[in-house]
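Chemist: Same order as they appear, the protein sequences are chains A and B. Residues 18 to 499 (the numbering used here) make up the first sequence, in order. Residues 18 to 499 (the numbering used here) make up the second sequence, in order.
Misleading hints may appear alongside valid ones.
Unchecked claim - Derived DEER-like restraints, expressed as beta-carbon distance ranges: (1) A:Asp-216 - B:Val-357: 36 to 46 Å; (2) B:His-295 - A:Glu-233: 39 to 49 Å; (3) B:Lys-323 - A:Val-112: 52 to 62 Å; (4) A:Pro-342 - B:Gln-66: 43 to 53 Å; (5) A:Gly-116 - B:Asp-335: 51 to 61 Å; (6) A:Thr-273 - B:Gly-274: 41 to 51 Å; (7) A:Gln-214 - B:Ser-271: 12 to 22 Å; (8) B:Gly-311 - A:Met-444: 40 to 50 Å; (9) A:Lys-442 - B:Ser-35: 29 to 39 Å; (10) A:Pro-342 - B:Thr-113: 33 to 43 Å; (11) B:Gly-296 - A:Asp-93: 28 to 38 Å; (12) B:Gln-66 - A:Met-444: 38 to 48 Å; (13) B:Asp-93 - A:Asn-292: 30 to 40 Å.
Simulated from the structure, these hints should not be mistaken for lab results. Just so you know, even glycine gets a beta-carbon here, dropped at the ideal spot from N, CA and C.
2 protein chains.
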Amino acid sequence: MVLRRLASTAATSASKFSLAPTIKQLLERPPTADHVTTVSGWIKSIRKQKNVSFAVITDGSSAKGLQAVLLKGKDDEFLRKLTNGAAVRLTGQLVTSPGSGQSHELLVDQHGEVAILGECDSEAYPIQKKDLTPEYLREHVHLRARTAQIAAMVRVRDSLSRQIDKWFASQGFCYANTPIITGNDAEGAGEAFRLAQVDTQHPAAAPTGAPLPPSEFFSRPAFLTVSHQLHLEALATAISRVYTLSPCFRAERSLTGRHLAEFWMLEAEWAFPQNGVHGVCDLTEALLKDVVGGIIGSEDIDVLWKDGDDSRRQILLDAFSHKTPWTKMSYTDAIRELEVAGTSSQFEFTPTWGHSLQSEHEKWLAEKLVCGPVFVTDYPAPLKPFYMRANDDSHTVACFDLLVPHVGELVGGSVREERADVLEKKMGNLAGSEWYLDLRKYGGAPHAGFGMGFERLVSWISGVENIRECTPMPRWAGRMLL
Amino acid sequence: MVLRRLASTAATSASKFSLAPTIKQLLERPPTADHVTTVSGWIKSIRKQKNVSFAVITDGSSAKGLQAVLLKGKDDEFLRKLTNGAAVRLTGQLVTSPGSGQSHELLVDQHGEVAILGECDSEAYPIQKKDLTPEYLREHVHLRARTAQIAAMVRVRDSLSRQIDKWFASQGFCYANTPIITGNDAEGAGEAFRLAQVDTQHPAAAPTGAPLPPSEFFSRPAFLTVSHQLHLEALATAISRVYTLSPCFRAERSLTGRHLAEFWMLEAEWAFPQNGVHGVCDLTEALLKDVVGGIIGSEDIDVLWKDGDDSRRQILLDAFSHKTPWTKMSYTDAIRELEVAGTSSQFEFTPTWGHSLQSEHEKWLAEKLVCGPVFVTDYPAPLKPFYMRANDDSHTVACFDLLVPHVGELVGGSVREERADVLEKKMGNLAGSEWYLDLRKYGGAPHAGFGMGFERLVSWISGVENIRECTPMPRWAGRMLL
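Start from the sequences, fold in the hints, and give me the full structure.
Modeler: Right, dumping it as structure tokens:
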């Protein structure tokens, strides 16, 4: 009785509007057996027999499709249109499936209905059932989410971002939107895209004499942001814990599978951090363990690892199943380990204190030495940007890179330099950045933050090595379809 | 006993890492009286008396700060540094407050501690306690989140986006990221920002003869997207319900309080819609009622409406408190109503069938005729983009604009034209858009969608009229700070 009352209250307070359940929702809460059920989706595969056809229908809501059993009741002409890729609406009964591999199936008998909502010419259809290469699918990027792998990747991104939002809310963080268009060419070296100048006259305006030369829309040069950190820092002096998951851009010419010209970054900044850079590592580790832990065993991740390397997957699972904390190691200790390993000259570049870790060094640390994620902390100051907090040793800064097997650098973070005088010396003559100093001058509090490449996170947990397959519609040098 | 067991289970299963509670979290779950509590934040105001000082501390987590009672125990020199804007860490006991206006206060007696983490020169501090104009705060955009109003707006954005995510998940939608950089200059007329060409040689590369002319980074002209709709449509042919909350850009020269050059849009596309354009309106209304209904009575909204117009607020509350559906009206009926009203010549522009509704017409419909939100549906085809579905009357399309009082157009949506042949005719010679036709050719299903300006939504529910105050760091023609 109590339960019944609760249920009816819930029904009243909920919105009356509701779309028809997706296949995922249907299978999670199957209706009673005599309930007439309508399912809309696309035919993923179909097998036609004399008196019955078996079709797998997907609506993209889950890795599993729904098997529909279509009893003969249509003419051949109609059946011919039931092809892979066709959009259909089926009405029948959801019944317990006698077959293995699925809990339920949709039985469409003579009382049921099959409507074709959109035909698909199976000869011309670019998404054939046979294995399609990643390169081919990149050429058909507008259709590639119709493959199981790309669809699973899109859903994994959805799951990740929801888990991330949940985690940050639990820790009192506020989600904030910082600008994409900025006056900062933050990390310099021409890696920021710049906006073209605009015609001073609006094209709709009637011509009033000679055209004026193009000018800056914002009255000064404008770039696409390479990072949201500086803007988040400004917000974190007011709302002490902020984060964003937002697009970033780099005009990098790199054509490797680890770089995109447009990518998403998870960035967080918070005031009043504890335990220096180790506290920042701890927060990052807790975030990743909570966020990824809930997803790593999902059907979608299984789809993505299907053709992947089992030993790599085991290393990943170990990182999330072990209760022990991830390894932390100072840059100085890392160099020492690399030097020892380097005596058997397995490296192309000699590891040397004061020089950047090369990709091969990072791989060795994560894949050979630690065999799991490793935080490398306290890099030499000249290797890192000006905003990282100087350590007392005056040589290193309170920063870390999180290196993970087969991906490399996944996260970079640091305590930020909150001392206005120290920062001003490091910045030198950065005209236009007075605002960044202001943040320290007026109640500047100790604070810290990190940035994580979202596509690299997807790559790591899914085993999909090329990050062009970790975002729905990738952009890189020379390539921008749609 | 049962409760105790539940509590200990929860503690075990939760992540071990946790930041110190924010002021909001502390006040929601106050510790027991004898617990030593540490609070970090900024002084919002301070009143110094002979033996005691009263400071309000904020960490940006909620509209309410925490009052701290500091019993004398420090010298005058130290007390002088406790100024508005200074960053502090206070340790004391959270006790029930004897004063009104707060449930708890932090008592810092001789056993407690006051640490100044960042001083703030109260003379020079740009954020004085006196009322600061919006224009002044825009000039100090890096500091303006320290005001109660801007901080409340940032938190309202956070609340809105969380409620939006929750609602779409409940309806089986998948959150997806579509590109910012695109080859489409979608709505034409030069309103899309274009990326500048890049130097063909990387600046880091050594000069190897004469410099090459600049070229397109992506091998073709690249723009910042004005809408995510077309890309979402591609995804919705695979994952049948998708949405995004993402930046959009328009190089508009408008200097009104209703336009930004960079803004966020909530856009959704779904396959297999029901009830034509009315079904799209119903979904939009359900979304808004569920999302806004949970926020409209919050402390943060109260802060934002503080100096607002009470009658406007009542109109807003009515829209969300009444159980009746919002008004739907065809464009043709709207024109009829406007014609009647226009006979007393209250309009500058004569309302005429076939012409766009002017801003004054939209205002009259929402503010005078309906006195609430109104869906205007089925506009003449030539007034709307090519992708909207043609109605059977062959003159109008299955679309709507949602007009709301004092904001104007908040949402625009439609059923999309899913018939390849009809669409192809309407598109004419749109080379490079073959992919968009492909979506219809291969299992093209009926689908629908809408776009909602996120800053306009914030403006509507908060009574903040100028949308430059509805985003943390606004950009408009001629203006881009930071």
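Chemist: Can you let me know if the beta-carbon spacing of Lys-323 of chain B and Val-112 of chain A is within 52 to 62 Å?
Modeler: 59 Å, holds
Chemist: So does His-295 of chain B sit 39 to 49 Å from Glu-233 of chain A, Cβ to Cβ?
Modeler: The hinted range 39 to 49 Å holds for His-295 of chain B and Glu-233 of chain A, with Cβ atoms some 46 Å apart.
Chemist: Indicate whether the distance between the beta carbons of Gly-296 of chain B and Asp-93 of chain A respects the range 28 to 38 Å.
Modeler: Given about 35 Å between the Cβ atoms, the range holds.
Chemist: Falls inside 41 to 51 Å, the C-beta gap from Thr-273 of chain A to Gly-274 of chain B?
Modeler: 45 Å, holds
Chemist: Go ahead and decide if the range 12 to 22 Å is satisfied by the Cβ distance of Gln-214 of chain A to Ser-271 of chain B.
Modeler: 19 Å, holds
Chemist: Range first: 30 to 40 Å. Now tell me if the beta carbons of Asp-93 of chain B and Asn-292 of chain A are that far apart.
Modeler: 34 Å, holds
Chemist: Do the beta carbons of Gly-311 of chain B and Met-444 of chain A sit within 40 to 50 Å of each other?
Modeler: 44 Å, holds
Chemist: 33 to 43 Å was suggested as the range; check whether the CB atoms of Pro-342 of chain A and Thr-113 of chain B agree with it.
Modeler: Cβ of Pro-342 of chain A to Cβ of Thr-113 of chain B: about 39 Å, so the range 33 to 43 Å holds.
Chemist: Is it true that Lys-442 of chain A and Ser-35 of chain B lie within 29 to 39 Å of each other by Cβ?
Modeler: Since the Cβ atoms of Lys-442 of chain A and Ser-35 of chain B sit about 36 Å apart, the hinted range of 29 to 39 Å holds.
Chemist: Does the beta carbon distance between Asp-216 of chain A and Val-357 of chain B stay inside 36 to 46 Å, or does it fall outside?
Modeler: Holds - the Cβ-Cβ distance for Asp-216 of chain A and Val-357 of chain B, about 43 Å, lies within 36 to 46 Å.
Chemist: Per the hint of 43 to 53 Å, is the separation of the Cβ atoms of Pro-342 of chain A and Gln-66 of chain B within bounds?
Modeler: 48 Å, holds
Chemist: Regarding Gln-66 of chain B and Met-444 of chain A, is the given constraint of 38 to 48 Å on their beta-carbon distance met?
Modeler: About 41 Å separates the Cβ atoms of Gln-66 of chain B and Met-444 of chain A, which means 38 to 48 Å holds.
Comparing the model with each numbered hint stated earlier shows that all of them hold.
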